[in-house]
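Using the sequences and the accompanying hints, generate a full structural model.
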Amino acid sequence: MNSSSSSSCTSNFIDIVEIYRRYCDIRSRKDDQNPKEALTQLLKLVELRGQACLRYNDLSKLMSYLDLVDSARFACFYDFVFFMCRENGQKNITLEKAIEAWKLVLKGRFRLLNEWCNFVEKHQRHNVSEDTWQQVLAFSRCVHEDLEGYDPKGAWPVLIDDFVDHMHRCESVKCFSFFFPPDQTAESPYPIVVARAFIIVAVAMKILKLKNVDRTMVSLG
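Residues 1 to 221 in my numbering are what the sequence shown spells out, letter by letter.
Hints may contain errors.
Stated by the list, open to error - Computed list of lysine-lysine pairs in PhoX-like fashion (alpha-carbon distance at most 25 Å, straight line):
1. 97 with 36
2. 103 with 122
3. 107 with 122
4. 122 with 97
5. 107 with 36
6. 97 with 44
7. 107 with 97
8. 122 with 61
9. 44 with 61
10. 91 with 44
11. 103 with 91
Unchecked claim - Quick list of simulated restraints, FRET-style, between CB atoms:
12. 94 with 141: 23 to 33 Å
13. 47 with 170: 39 to 49 Å
14. 118 with 25: 34 to 44 Å
15. 147 with 34: 35 to 45 Å
16. 147 with 25: 36 to 46 Å
17. 171 with 124: 18 to 28 Å
18. 70 with 169: 32 to 42 Å
19. 121 with 61: 34 to 44 Å
20. 25 with 170: 39 to 49 Å
21. 141 with 56: 18 to 28 Å
22. 158 with 108: 25 to 35 Å
23. 147 with 40: 17 to 27 Å
Derived by calculation from the structure, the hints in this document are not laboratory data. Every residue, glycine too, gets a C-beta built ideally from N, C-alpha and C.
In structure tokens, the structure reads:
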């Protein structure tokens, strides 16, 4: 890298740090009469500086630079990423940008990140709203790989509900394939099915037995 390119990269990084600082100031300024207008002006400044072509590279550097251990700080940065992905004053961001941004900011933080991005890429046809963007972060924080923690009665966006249904269907297909593998011959399917069912029942009985032992130990104690 020549000196001019290095200087340009340094300048861009300083710009993104300053933009992020101003973004946080606007968000936390309780006496600001019109924070939306302030954010709109900041976004225009971002586009005027030509940050659009360098956003993801700069966001990655900024993410490494910031201390994002605190959940509130990360949430602010997460919203800032959505802010930086907007174009021409649009309220929503394109699906392509949303997926790329999720892969950047939620790596190591969302257990179902790959499954989520693959699902959205195949099944979502509309741009991503700010509400959906924020709800994905909440979803990533409360739901485990087995979807434990998901409340079907919660006020989730339709996209997240559809994703959960999709994951349940995939799990059902896996279970069916376990009992009826594609390479299983039609002449002798039952021995394999019976053997696998026996293993599952045996494991389940062992778990129940262990739970009963634990209850007995508690009652004796």
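Status of each hint after checking the structure:
| no. | hint | in the structure |
| --- | --- | --- |
| 1 | 97 with 36 | 22 Å, holds |
| 2 | 103 with 122 | 16 Å, holds |
| 3 | 107 with 122 | 20 Å, holds |
| 4 | 122 with 97 | 15 Å, holds |
| 5 | 107 with 36 | 29 Å, violated |
| 6 | 97 with 44 | 19 Å, holds |
| 7 | 107 with 97 | 15 Å, holds |
| 8 | 122 with 61 | 29 Å, violated |
| 9 | 44 with 61 | 22 Å, holds |
| 10 | 91 with 44 | 13 Å, holds |
| 11 | 103 with 91 | 21 Å, holds |
| 12 | 94 with 141: 23 to 33 Å | 25 Å, holds |
| 13 | 47 with 170: 39 to 49 Å | 40 Å, holds |
| 14 | 118 with 25: 34 to 44 Å | 37 Å, holds |
| 15 | 147 with 34: 35 to 45 Å | 41 Å, holds |
| 16 | 147 with 25: 36 to 46 Å | 38 Å, holds |
| 17 | 171 with 124: 18 to 28 Å | 21 Å, holds |
| 18 | 70 with 169: 32 to 42 Å | 37 Å, holds |
| 19 | 121 with 61: 34 to 44 Å | 26 Å, violated |
| 20 | 25 with 170: 39 to 49 Å | 44 Å, holds |
| 21 | 141 with 56: 18 to 28 Å | 23 Å, holds |
| 22 | 158 with 108: 25 to 35 Å | 27 Å, holds |
| 23 | 147 with 40: 17 to 27 Å | 38 Å, violated |
The structure does not agree with the numbered hints 5, 8, 19 and 23 stated previously, though it agrees with the rest.
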